[in-house]
Amino acid sequence: MFSRRFDMGVKIGGAVLGASVLCVFLVIFFGVRNTVADVGYRPEQPVPFSHKLHAGQLNISCQYCHAGVENSAHSPVPTTQTCMNCHTAVLPESPKLQLVRDSYEKGTPIEWIRIHKVPDYAHFNHSRHIRAQIDCKSCHGPVEEMGVVSQFKPLSMGWCLDCHRNPEANIVGARPISGVFTGQMHKVKDLLDSTYLYKPIPAQVAAASDLKDMVTPSFGQKQSPLPKYHVDGIPHPKKAGIGPENCSACHY
Amino acid sequence: MNATNRIARLFWIALAAAFAGFVVMVLSGNITWFSTARPLEFLNNMDHQFKAIPQSGNTFFADRASVRTAVEGTVARGQQVYPLGQGDIDKAETANVNPGVPRTDFVLARGQNRFNVFCSACHGYDAHSNPPMVRRQRWLGIPDLTRPQTAALSDARIYHIISAGQNLMPSYADKITPVDRWAIIYYLRTLQGVQGVASNAPASTQQVQ
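For the protein sequence lines, the chains are C and X, in the order given. The first sequence begins at 1 in this note's numbering and counts up by one. The second sequence begins at 1 in this note's numbering and counts up by one.
It should be emphasised that the hints constitute simulated quantities derived from the structure, not laboratory data. Keep in mind that this is a model prediction, so the values were computed, not measured. One thing to keep in mind: the hints can contain errors.
To be verified - To give an idea of the chain C side of the interface with chain X (calculated C-beta under 10 Å), a few residues:
1) 11
2) 12
3) 15
4) 46
5) 47
6) 59
7) 76
8) 79
9) 91
10) 93
11) 97
12) 120
Beta carbons: idealized from backbone N, C-alpha and C, even for Gly.
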């Protein structure tokens, strides 16, 4: 009925169209996943604050500025007062800090641009994780090496579950800079015992032999055969009914 | 017809190569292109709700601040306001009494944690006041906390300094809870290597700066 030429045209056209639709679908399907779209988000902040300088080189603990993270679901962005604790004396005339000084004098907040965000229908609690001694770096990456902070992990639901189903493989060894631990950290087995919370102080437990230096991350290099449900004070992340495999743990 | 076939074949090869590269890049998880643009959102049904999120802008209020400042004179539940000013040194010796925080390992460790977080930026992890900030000549004249003059200060006076500040040091009353302040004092005593006294007579504190 149709000519051979027309027939071939329809075949090729159909193939091209189908391939294009497939490509568009795949680009949207994979391209807007959090791993691709969110990771690497690095907005320009109103004040050129460098975590690399403050946390990395000056050894200021995360919690000095993000104080209250261990008590609150929301990890607070520091108040301008916190900046001015030091910057009344340190670089008081710097033009880069003009916005901070203005904010301090007028009482108007600096409008930092939010980088890490979970959807509004998911409730993430920082204090819960800090108290379970999850280091900041596990989710936020090596912030003390970032001049401009970028999102390091996807913060998607699948990513949450990956870690909660296999925390030993994903949690980064604690570092002094985070302030989560005090000075040294224990082996994996001891981390599950709450009597070691905030312990040890070198002066107090100098005699103990099972200490590992904190600079060597031991959490994550070793798989533990647990879940061990009854840990004093710290519910194991795999515990049924509490952990995020219960929908209402985060979506409430 | 041959030409058409060749073009079609080339098209498919190019498409397959691009697709394979794309899949490898995405699925390997190594693909992180940095972007200052907001993340792409696909069907963001309820991701952004009209509710007050802490420290976020909110159009409901005229000043767009979701976190409201308390009405003047109100005290938040559990909030403990430090009543003394920076100059009330004499009153501090009697007003600041340890409420019975025990000197246990746990409390000491808590004190170390809080000291490392809030004090070490200026005073160093060892209280010798030689942290990177001082070594970089950014802030000079911070006193060594292990020197005898400082070690001679009473617990009540150190509590006063933490709570109200001294000289260029601001008040940390809003950041460190009262119990944590006593824990810090216990830990500071271990760094100083002294027992410490609960409070001094007001006259003797006048000479120490």
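(Q) Flag every earlier hint the structure violates by its number, smallest first. (A) 4, 5, 10, 11
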